[in-house]
Structure formats: structure tokens, C-alpha cells
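Chemist: Next come the chains, spelled out residue by residue.
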Amino acid sequence: MEKCERERNDMPGGVLDLLILQALERQRLHGYGIAEYIEVRSGDVLSVGEGTLYPTLQRMLIKGWIEAEWGVSENNRKARYYKLTAAGRKQLEKELAQYRRVTAAIGRVLRPA
Amino acid sequence: MAWAGEQYRRLKAWLRRDALARELEEEMAMHREMRGAHRFGSTLLAAEDSRALWGWHWMDLMLQDMRFAFRQMKRAPAFTISAVTTLSLGIGAAVLVFAVLHTVVLRPLAFHQPEQLAFVWIHDAKRGIREEGVSWATYRDWLAMNRTFETLSVRGRRSYMVLHGEEPERILVDVVTPNYFSVLGVTTEAGRLFTDHEDEQRQAVIVISHRLALRRFGSVPGAVGEQLVLNGMPWRIAGVMPAGFGIPPSQQDVWMPARSFPDIRAWEARTMDFFMGVGRLKPGITAEAAARDLNDIGKQLEKAYPVNDPDFGGYGVAVVPLMDQVLGHSLPRTLWMLLCAVGLLLLVASVNVANLLLARWKARQGEYAVRAALGAGMGALLRQQWMEGLVLSGCGCVLGLLGARLGLHFVRLAAPSDIPRLEQLSIDPRVTAFAVAASLAACLLFGLLPAWMQARRPPQSYLVTAGNRVTGSVRTMQSVLMAVEMGLAFTLATGAVLFVRSLWNVSAVDAGFESRNAVLAEVDMDSTDRKTDPPAFFRALLERLRQSPGVQAAGAIGDFFIQLNPDYSVTVRGRATESGEQVTVDPVSSSFLQAAGARLLDGRFLNDSDYNSGWPATVVINETFARRFFPSQRAVGQHFKFGTADARGPWIEVVGVIADMHRRGLDRSAVCEGFGPLIGRNMSVLMRTAVAPAQAEAAIRAAARQIGGGTIVHGVTTVEARLQELTANRRIQAWSMTGFALLTVLLAAAGIAGAIQYAVTERRRETAIRMAVGANSHHVRLLVLRHAAASVAAGVVLGCLVVAIAHRAIASLLFGVTALDAMALSIAAAVVTLVAAIACWGPVRHAARMDPACLLRE
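So the sequence lines, in the order shown, correspond to chains A and B.
Counted the way this note's numbering counts, the first sequence spans residues 1 to 113.
Counted the way this note's numbering counts, the second sequence spans residues 1 to 858.
Please keep in mind that the hints were generated in silico from the structure rather than gathered at the bench.
Honestly, I wouldn't trust all of these hints.
Dumping the calculated DSS-like pairs for lysine-lysine here, alpha-carbon to alpha-carbon at most 27 Å [stated by the list, open to error]:
| id | chain 1 | residue 1 | chain 2 | residue 2 |
| --- | --- | --- | --- | --- |
| 1 | A | Lys90 | B | Lys303 |
| 2 | A | Lys63 | A | Lys90 |
| 3 | A | Lys63 | A | Lys83 |
| 4 | B | Lys299 | B | Lys282 |
| 5 | B | Lys74 | B | Lys362 |
| 6 | A | Lys83 | B | Lys12 |
| 7 | A | Lys63 | B | Lys12 |
| 8 | A | Lys94 | A | Lys83 |
| 9 | A | Lys63 | A | Lys94 |
| 10 | A | Lys78 | B | Lys12 |
| 11 | A | Lys78 | A | Lys94 |
Derived DEER-like restraints, expressed as beta-carbon distance ranges [as the list claims (entries may be wrong)]:
| id | chain 1 | residue 1 | chain 2 | residue 2 | range |
| --- | --- | --- | --- | --- | --- |
| 12 | B | Ala433 | A | Asp17 | 57 to 63 Å |
| 13 | B | Ala78 | A | Asp17 | 52 to 58 Å |
| 14 | B | Leu61 | A | Arg28 | 51 to 57 Å |
| 15 | A | Arg28 | B | Phe68 | 56 to 62 Å |
| 16 | A | Thr103 | B | Ala4 | 50 to 56 Å |
The beta carbon of each residue, even a glycine, is placed where N, CA and C say it ideally should be.
Given only the sequences and the hints, what does the whole structure look like? Please build it.
Modeler: Shown next as C-alpha cells:
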């Protein structure tokens with residue numbers, strides 16, 4: 001597939017945290033894996049570059065929502081794998097609930113009168 | 001909670017930041033590899049953003065500033081060394097004085113809530129006797145009826161004899177009620193206290209001191225359960241008190257239950273007696289209120305138990321807080337004054353550093369211009385300056401603390417031995433906190449000025465040159481600072497001269513007795529059996545001493561260096577009323593006044609015929625007594641008696657008048673004293689000798705042993721040594737003030753030298769022009785000197801102002817001079833001017849030697 005032809009949209013602000021938390025809900029992933037997960041699941045609409053991804057991951061590490069450990073990747077390279085902590089799970093629930101609330105509210109505003 | 005976790009993770013990340021940065025780079029490299037080379041992300045910004053998360057921004061800024069400050073300091077070694085040295089000197093001196101003040105005065109006594117503790121004495125209003133003890137029966141009534149004390153205990157003091165090998169030794173024993181220890185809130189270090197039950201049963205149990213346990217039994221636990229033989233009677237040791245315990249500390253060695261004390265003659269008697277009250281006041285109750293309460297109880301007791309003694313004039317009660325009694329009056333005042341003096345020293349040091357910083361600030365204007373051009377805001381520039389100030393004062397604090405620690409050793413060696421608690425002098429946490437506070441205060445002071453100058457120079461103004469305005473304001477500032485320094489140095493110099501003069505005046509006082517070649521010994525008969533007759537014993541002792549080789553004369557008096565105030569009131573025959581002035585009459589042997597070298601002004605000395613078995617009927621009085629009581633007539637031949645005219649005692653005849661003997665201290669005014677032919681159980685023996693004191697000591701000990709009876713000789717010293725101790729306080733004042741004044745004057749001189757040199761350098765262009773149009777070197781010198789002289793003059797005026805404000809505060813510490821003494825002020829002014837002149841000599845010479853041609857070509 002030729003990626004440069006597809007439509008790419010900017011991610012609304014503040015959503016990246018939620019997407020990363022969701023990505024790590026049931027699995028351990030390394031950085032590239034997370035980026036891939038988001039791209040694939042969004043049908044290539046949303047993408048995240050490493051310039052944005054890694055600082056966000058660092059911030060979430062400092063906040064204590066995710067943990068990192070070194071492991072071996074698919075192509076036998078040393079890679080850092082991330083996973084959710086208990087605090088992270090709570091944060092995920094919180095952000096999901098908030099997102100749904102906001103989205104529903106926006107939807108109500110936009111509904112044809 | 002989550003916030004705390006986050007800060008902790010930030011800290012961990014900051015500590016590992018370099019490793020983390022490497023890991024991040026690896027991770028991103030791998031990421032790029034995996035997605036292919038199509039897209040180029042911004043790795044630099046990613047690394048930057050991540051790095052910002054490790055640690056804190058303000059911490060990064062602070063560390064950056066600190067590193068810069070250290071670099072700048074290394075680049076200007078002359079400035080750094082002078083600034084840091086000056087600061088350490090000031091801070092070190094301040095810390096030293098505060099450490100002494102803290103240990104001796106400020107720290108609460110080692111008792112539980114010592115501010116609630118008080119002594120209780122009674123005095124006989126009619127017989128005019130004060131600071132007397134209370135009887136056991138009266139104490140029990142106080143205990144039952146009082147409303148102002150939480151608990152009240154009593155204490156009596158007696159000396160006992162223990163045998164140390166063959167030699168008898170004197171031990172001070174406190175006879176106390178068992179609740180004495182709970183009043184003070186202390187307990188034993190080993191073993192236990194004696195109980196109420198043991199007290200009631202009059203058991204022979206005691207508690208001993210830490211040092212006695214070590215000396216006799218080798219170890220503290222080893223003493224518990226052992227026996228101690230006092231005056232021939234065995235006592236069982238129940239426990240050992242912690243080291244240094246006692247009021248005053250470290251003087252008593254044994255504590256004995258009150259009811260076990262064998263010498264209480266009658267437990268029901270209510271006349272004044274042996275015990276002194278030590279009580280804990282209820283919270284919120286003052287000493288005066290307690291005294292009123294006990295006085296009321298006393299009146300009730302008088303009604304209930306009328307005393308048969310017609311001389312008995314009723315109880316009066318005095319309640320005195322413990323701390324006041326233990327510390328005395330002049331020592332705290334001296335130390336506080338020294339703290340103020342050292343504060344001035346620190347101020348001068350800070351002003352010096354401020355001067356240095358001002359000069360440097362001016363020199364660094366170029367650097368600030370570059371920083372402003374690169375984007376530094378006012379906040380960044382100010383922050384940088386404050387950090388430099390903090391680094392300077394931090395170094396000063398550390399070095400000052402080290403210096404103070406060394407100084408403490410010296411203080412411990414040089415200080416007089418009777419200052420309480422001095423052996424516990426150390427740099428403890430509170431003293432360190434003071435050091436840090438002092439450094440921060442200094443930093444604030446000297447950092448304020450450059451910061452203020454900087455604040456008036458916002459970064460934008462660097463784009464426009466305005467150099468001259470900066471120079472002008474710096475110069476004015478420096479002149480003001482110089483004046484302040486000179487003023488402070490002048491103040492301290494005045495103080496030093498005043499205290500040295502006081503010391504000198506005290507030393508010049510005529511003591512009224514011959515203080516050289518006189519050995520003093522205390523002889524106690526307290527511990528002997530009651531059969532030995534004191535007059536017979538002392539007569540025999542003095543006779544033997546006179547026959548000893550080298551002893552020219554010997555005599556005995558109750559207490560040579562008596563410190564108690566006169567507390568007897570008397571009535572003169574032929575006058576109706578009691579006079580208001582209180583007198584004291586000391587028991588002496590017949591030869592004492594001659595042996596002491598007293599000067600006879602009228603009448604005769606006492607002789608053997610005056611000594612009979614009853615109360616004395618003749619007395620020799622001193623000048624002050626004669627002047628106060630017999631101002632217009634000859635004192636010899638007059639009569640007086642103790643108490644009122646109808647009191648029971650005999651009329652006493654005055655047989656001689658001597659010049660005042662200043663035994664209470666050369667700086668205390670003389671009191672009305674008389675010397676009566678009476679020998680008590682404990683006397684001070686004075687020996688006039690031509691031999692070494694050690695020989696005289698051996699002679700008296702041998703004589704006492706030969707006569708026998710178990711008397712104890714202790715406290716052998718020379719009269720001169722004791723006189724030295726009495727003036728110790730003044731010597732501390734004089735020496736310390738001189739030291740501080742010297743330091744301050746030196747610092748001020750350094751400051752003024754630096755400032756003048758700076759001014760000369762700054763104005764060299766102007767000076768060159770002046771010289772080119774005809775001024776010679778003489779004129780140039782005059783200009784510089786005028787500048788300096790203006791500052792010095794302003795400083796002296798300022799200093800006079802400070803002295804005028806402070807003079808009442810130190811007036812009580814001086815002797816023979818007032819604070820506004822002309823000689824002191826002129827000496828101080830002369831010193832300050834001279835030092836300033838010497839300090840300016842270098843810069844002035846430099847100014848006069850400048851070559852105008854070279855300067856104009858610069």
C-alpha cells in the first residue's frame with residue numbers, strides 16, 4: 001500500500017494518552033508496536049511519529065501509569081516493552097469515561113435540531 | 001499521594017538522566033529502523049522534551065546558575081578570597097559567641113520544665129534576717145495548705161566527712177524529701193531513688209553522684225548496693241544520679257532522705273531552721289503569687305502556733321525562680337552584649353563584601369550586556385546574582401563553622417571556671433541553624449545592594465550605553481558604605497576602650513586588705529562530733545600555724561569572700577527607731593584583722609579579752625557602717641543591738657573602726673560590716689606567708705590533723721587567685737570587646753582601602769586631565785584624601801549616634817566610666833582616623849604617581 005496517498009488526520013489533543021493506555025490494556029508492546037497498533041486500528045487515519053510518541057511515553061512513565069522493561073523484539077533486537085500499572089488502569093477508565101461523556105455531549109450539540 | 005510518587009520518579013530519573021538519554025536514543029533508533037527510512041521524525045526535539053521530564057526545571061536553572069557562579073569565582077581569585085575570608089571571619093565570630101550564649105544562658109536547665117521551678121526562703125521580719133531556712137513542721141503545713149505549688153519539696157545542705165584512705169575529705173550532702181527528684185523531673189542513672197517508705201522509716205539509704213560513684217567504686221552500676229561511711233556511720237547506696245546533676249550543678253555528692261538525717265533536733269519546732277524549699281509552681285502561677293499565698297499561710301500558722309520568743313517578728317516568704325538564682329545577673333547581660341558586638345562585626349563584614357560586589361558588578365556590565373542580548377530577562381540576571389551571593393555566603397558559613405569549632409577549644413581553656421555549663425560547649429544543631437541563619441542574613445544584606453542596582457538597569461537599557469551614570473551611582477553607594485563601616489568600627493572601638501577602662505578602674509580600687517602573700521583555707525567542723533568546742537579548736541589551730549615556719553600571721557573569719565548581702569537590722573542606743581540600713585557582722589578570731597592587713601582608722605582591733613562564752617559584746621566596724629550610722633559623732637564608744645530596742649540581745653559596743661574591706665568584689669560598693677569576737681563551726685583561715693602556697697597548705701593540714709577531731713580542710717587557695725576570679729567577668733568583657741573591635745577596625749580598613757583604590761582607578765581619566773591642565777600630585781592626593789575624610793567624618797558622627805542610643809543599655813556593665821566618656825570617644829575617633837589614613841596611603845600614593853600622558857593615551 002502506498003501510505004503517502006491515504007488521508008491522514010491530525011490527532012485531537014489529549015487523545016494520545018488514552019490511545020496508548022488502551023493499546024496496553026491487554027498486552028505488552030514496545031514503542032513501535034504501540035505506534036503500529038494505533039495506525040492499524042484506526043484504519044490508517046491516525047498516526048503518531050516518534051517525536052511525539054516517546055516524550056508522551058516518558059511523561060506517562062513519570063506519572064506512574066506505565067512501566068517499562070527491556071526485552072527482545074521480534075527481530076532479535078533489544079527493545080523496551082511497556083505495560084500498564086494499576087494506576088494506569090484506573091487512569092484508562094477515567095479517561096475513557098471522560099472521552100465518552102465529551103463525545104456524547106458534542107454529538108448532542110451537533111444533532112440536527 | 002500520587003504527586004509524591006511523581007516527584008520521587010522525577011528524582012530517580014534525574015539521577016539516571018544520562019543513562020536514560022542513551023536508552024531513549026537506542027529505542028528511537030530501533031523505531032526508525034523498524035518503520036523504514038521514509039519518514040524523518042524530529043529526534044532532537046523528542047530527546048529535549050523527554051529530558052525536560054527528568055528532574056525539575058527550576059532545579060536545572062539553579063544548578064546552571066551555581067555552576068556559573070563557581071566558574072566566575074574561580075576566574076576572580078582575589079575577589080573570591082577576600083570576600084570569603086571576610087565572611088568566614090564575621091560568621092565564625094558570631095557563631096562562637098552564640099554557642100557560648102546558647103550553652104550557658106539560653107538552653108533550659110536539665111530539669112523538666114525548669115521555668116516552673118522556684119526556691120522558697122523565709123525571713124524574720126523583726127530580727128531582720130533574710131534567706132533563712134524553714135523548719136520541718138512549717139514545711140509540712142505549707143505542703144498541706146498551699147494552693148500555688150504543684151509539689152513542694154525541701155532541701156538542706158550539710159557537709160560530711162568521708163575517709164579517702166586515711167585523709168578526711170569533705171562531701172556536700174543535700175538532705176531532701178523524696179519528692180525533690182520528682183519536683184525537678186529527674187531520675188537515677190543507675191539503681192533507684194529512695195522511697196517515701198524508706199524516708200518514713202528513717203532508713204540509712206542514700207543516692208550518690210556520678211563522679212563520686214566513679215571515684216570510689218570505679219563504675220556507676222558498681223556503686224549500687226554498696227556502702228558509704230559518712231561521719232563514721234554506714235549508709236546504703238540505692239542509686240546514682242546522672243553526671244552533672246545538682247543545684248548548682250556538680251557540687252553535691254550525696255542525697256539523703258530528710259527524716260533519716262540524724263541532726264534534726266526537734267521535728268516540731270517552728271523557729272527558722274535548716275531547710276530551703278524547692279517547688280514546682282502550678283502552670284500560670286507567678287513567683288509573686290506563690291509568695292503571697294505562703295505568706296497568708298504563715299499568718300495563719302502564727303495564730304495557730306504562737307511562738308514564745310518575743311523577738312520573733314513573723315514569717316515573710318520569698319519565692320525566687322530557679323533560673324535567676326543559678327545564672328545570676330551580670331553573666332547573661334555580658335553575653336548578650338557580646339552578641340550585639342559580634343553582630344556589628346558581621347555587619348561590617350557584610351558591608352565589605354557588598355563593596356566588593358558593587359565593584360565587580362560595575363566591571364561585569366559588559367557580560368550582562370551580552371547576556372541581555374542573548375535573551376536573558378531581568379529575572380534571569382537577578383537570579384544569577386542571588387545565586388552568586390548564596391554561594392559566597394555558603395562558603396563563608398562552612399569555613400566560619402570550622403573556625404568556630406577551633407575557637408571553642410580556645411574558649412574552654414581561657415574561660416573562668418565558675419561559668420556554669422561551659423564544659424558542655426559544642427556546635428550542636430541549634431548553633432548550626434544559627435550559623436545558617438546568620439549567613440543567609442549576611443547574604444541578604446550584601447546581595448541587596450547589587451540587586452537593587454541591577455533592578456534599576458533593565459536588560460533593554462544595555463542596548464543604550466549609559467556607563468557614566470552607573471559609575472556615579474556605584475561611587476555614591478560605596479561612599480555611604482564606607483561611612484557605615486567606619487561608624488560601626490568607631491562604636492566597637494569606643495566600647496572596647498570603655499570596658500578596658502572599667503577593668504583598669506576595678507584593679508585600681510584599694511581593697512582594704514593586703515591581698516598578696518595570703519593563703520586562704522576553709523576549715524569545716526560540721527562533720528565532727530558535737531563535743532569539740534570551736535573556739536578552743538581554732539585557737540589551738542591558729543597558735544600552731546603561727547609557730548609554723550614561714551607563716552607570719554594567721555586569723556580566721558566566717559567567710560572571707562562572703563557573697564551574701566547584709567541582712568541584719570540594728571538599733572542604735574539613744575535613738576528610738578530602727579535604722580533602715582541592713583548590716584552584717586562576721587565572726588572573726590582576735591588576730592584576723594591584723595593578719596588580713598586591715599587599716600585601723602580609730603579605736604583598737606579586737607583582742608583576747610573580748611572573747612567570752614556568750615554573744616559578743618564588742619565589735620569593730622568598717623568605715624561605711626560608721627558613716628551611715630554615726631555621721632556626726634565618733635563611732636567608738638557608741639552602742640547598738642540587733643533588732644528593735646526592746647529585743648532580748650545585749651547592747652554591743654563599738655571599739656574600733658577600720659577602712660572598708662572590699663571582700664564582695666572590688667567593683668561592688670562597700671556594705672555596713674562589723675567584725676565580732678565569735679568563732680563558728682566553719683571558718684575561713686587566712687595565713688600571711690612568705691613561702692609557697694603549697695607549703696602553707698601542708699602546714700594547715702598538718703596542724704588540723706595534729707589537733708584531731710576530724711575537721712576537714714578544703715578549698716585552699718590564695719587571696720589573689722580568688723580576687724582574680726571575681727573580676728573574671730570584666731576581663732571577659734574587656735578582652736572580647738577589644739578583640740572584636742580590632743577585627744572590625746581591620747575589616748573596615750580593608751574595606752576602605754579597597755573602595756578608595758577602586759575610586760582612584762575609576763577616576764584615572766579624570767585625574768589625568770586634571771594633571772594635564774596643571775594640578776600637581778599634591779592636589780591629586782588632597783582630592784583622594786578629601787573623599788576618604790568625608791566618609792570617616794560621617795562615620796564618626798554615625799558612630800556617636802549609635803553610642804548615644806546604646807549607652808543606657810551598657811551603663812550597668814561599666815565601672816567608673818559613663819558610656820559617653822570623652823576619653824573613650826576621642827581614643828576611638830583617633831584610632832579610626834589613623835587606621836583609615838594608613839589604609840588610604842597606598843591608593844593615595846598610586847594616585848599621585850600616575851602618569852597623565854599614559855592615561856590619556858589609553
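Chemist: A separate judgement is required for each hint: does it hold in the structure or not?
Modeler: Consistency of the hints with the structure:
1. Lys90/A - Lys303/B: Given that 27 Å is the threshold and the Cα spacing comes to 84 Å, the pair is violated.
2. Lys63/A - Lys90/A: With a Cα-Cα distance of about 13 Å, the restraint between Lys63/A and Lys90/A holds, given a limit of 27 Å.
3. Lys63/A - Lys83/A: holds (13 Å)
4. Lys299/B - Lys282/B: With a Cα-Cα distance of about 22 Å, the restraint between Lys299/B and Lys282/B holds, given a limit of 27 Å.
5. Lys74/B - Lys362/B: Holds: Lys74/B and Lys362/B sit about 18 Å apart, inside 27 Å.
6. Lys83/A - Lys12/B: Judged against 27 Å, a Cα distance of about 19 Å means the pair holds.
7. Lys63/A - Lys12/B: holds (13 Å)
8. Lys94/A - Lys83/A: OK: Lys94/A and Lys83/A at ~18 Å, within 27 Å.
9. Lys63/A - Lys94/A: holds (15 Å)
10. Lys78/A - Lys12/B: Given pair Lys78/A, Lys12/B holds - Cα atoms ~23 Å apart, limit 27 Å.
11. Lys78/A - Lys94/A: violated (33 Å)
12. Ala433/B - Asp17/A: 57 to 63 Å: violated (45 Å)
13. Ala78/B - Asp17/A: 52 to 58 Å: holds (56 Å)
14. Leu61/B - Arg28/A: 51 to 57 Å: violated (37 Å)
15. Arg28/A - Phe68/B: 56 to 62 Å: For Arg28/A and Phe68/B the Cβ distance comes to about 44 Å; the hint is violated.
16. Thr103/A - Ala4/B: 50 to 56 Å: violated (33 Å)
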